[in-house]
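*Asks:* Count along the sequence shown from 1, add 632, and you get the number used in the numbering used here.
Hint data in this document are derived by calculation from the structure and do not stem from the laboratory.
Hints are supplied without guarantee of correctness; some may be wrong.
Dumping the calculated DSS-like pairs for lysine-lysine here, alpha-carbon to alpha-carbon at most 27 angstroms [said to hold, decoys possible]:
1) Lys719 <-> Lys780
2) Lys719 <-> Lys782
3) Lys754 <-> Lys769
4) Lys782 <-> Lys717
5) Lys754 <-> Lys652
Okay, the calculated beta carbon distance ranges per label pair [claimed, not checked]:
6) Ala660 <-> Lys769: 44 to 52 angstroms
7) Glu693 <-> Arg671: 31 to 39 angstroms
8) Lys719 <-> Ser655: 31 to 39 angstroms
9) His784 <-> Ser655: 36 to 44 angstroms
10) Gly758 <-> Lys652: 21 to 29 angstroms
All C-beta atoms, glycine included, are put in the ideal place defined by N, C-alpha and C.
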Amino acid sequence: MMTAGGENQTEPGMLVGYAKGTSIHLNAHFIGNYSGNLRRQFNGVIYEKVASIWQWDARGEAPAGLITGIAHYVRLQARYGTPEKVKPGEGERWDQGNGVTARFLSYCNQLRSGFVADMNRKLKHGYTDGYFLDLLKMPVDHVWANYKAKYHYK
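The task is simple: from the sequences and hints, build the whole structure.
*Replies:* The following block contains the structure:
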C-alpha cells in the first residue's frame, strides 16, 4: 500500500521504500527477505519512485491519492502491476490512491490519449476537480461512475 507520503508498503509495517527530494530509499530488510520475484518487485518500486520524484504535486492541493495514483499508474504502464494487485473497477473512491487510482487513471487515459501526462502538467500549478472537466469534458464523479459501470462495480 502507498501512504500519503509516497512510501510503499506491501505488508503492514513493512516499508519497501520511499522517495524524498531526488533520492530513493529502499528497505534492505525487505529486499533481503523478499520471497517473490525480487527483480520484478525492485524494478516496479524504482519505476514508481522515479515517477514520484518527477511528477508535479499540485503544491500540496491535490488529493494525496491522485499523487500516489499517478506514480502507481507509471508502474502499471511499465507492466510491473501494482503491489496490491487491484483489478479494474475496484475501489471506493477515484482518489483512494495506489492501485485503485492507477487503474482509474488508466481508464481516463483510454478515454483521452495523454490524459495522465496532461493532468500531471496541470498539477504544476495546483489542483481542482475541474481539471477532469477540462480534459475529459465531464466531472470526475461522472467519470468514476462510468468507470465503475464498465467493470460492473457499484
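*Asks:* For each hint, tell me whether it holds in the structure or not.
*Replies:* Tested hints:
1. Between Lys719 and Lys780 the alpha-carbon distance is near 11 angstroms, which keeps this suggested pair within the 27 angstroms criterion.
2. About 12 angstroms separates the Cα atoms of Lys719 and Lys782, which keeps this hinted pair within 27 angstroms; it holds.
3. Note on Lys754 and Lys769: the hinted pairing holds, with a Cα-Cα distance of about 15 angstroms set against a maximum of 27 angstroms.
4. Restraint check for Lys782 and Lys717: satisfied, since their Cα atoms lie roughly 19 angstroms apart, inside the 27 angstroms limit.
5. A C-alpha spacing of about 22 angstroms is found between Lys754 and Lys652, which places the hinted pair at or below 27 angstroms, so the restraint holds.
6. Between Ala660 and Lys769 the Cβ separation comes to about 47 angstroms, which falls inside the hinted range of 44 to 52 angstroms.
7. As the Cβ distance of Glu693 to Arg671 is approximately 37 angstroms, the hint placing it in 31 to 39 angstroms holds.
8. A C-beta distance of roughly 33 angstroms is found between Lys719 and Ser655, which places it inside the suggested range of 31 to 39 angstroms.
9. The supplied range of 36 to 44 angstroms is met by His784 and Ser655, whose beta-carbon atoms lie about 42 angstroms from each other.
10. A hinted range of 21 to 29 angstroms for the beta carbons of Gly758 and Lys652 is consistent with their spacing of about 22 angstroms.
Violated hints: none; the structure is consistent with every hint.
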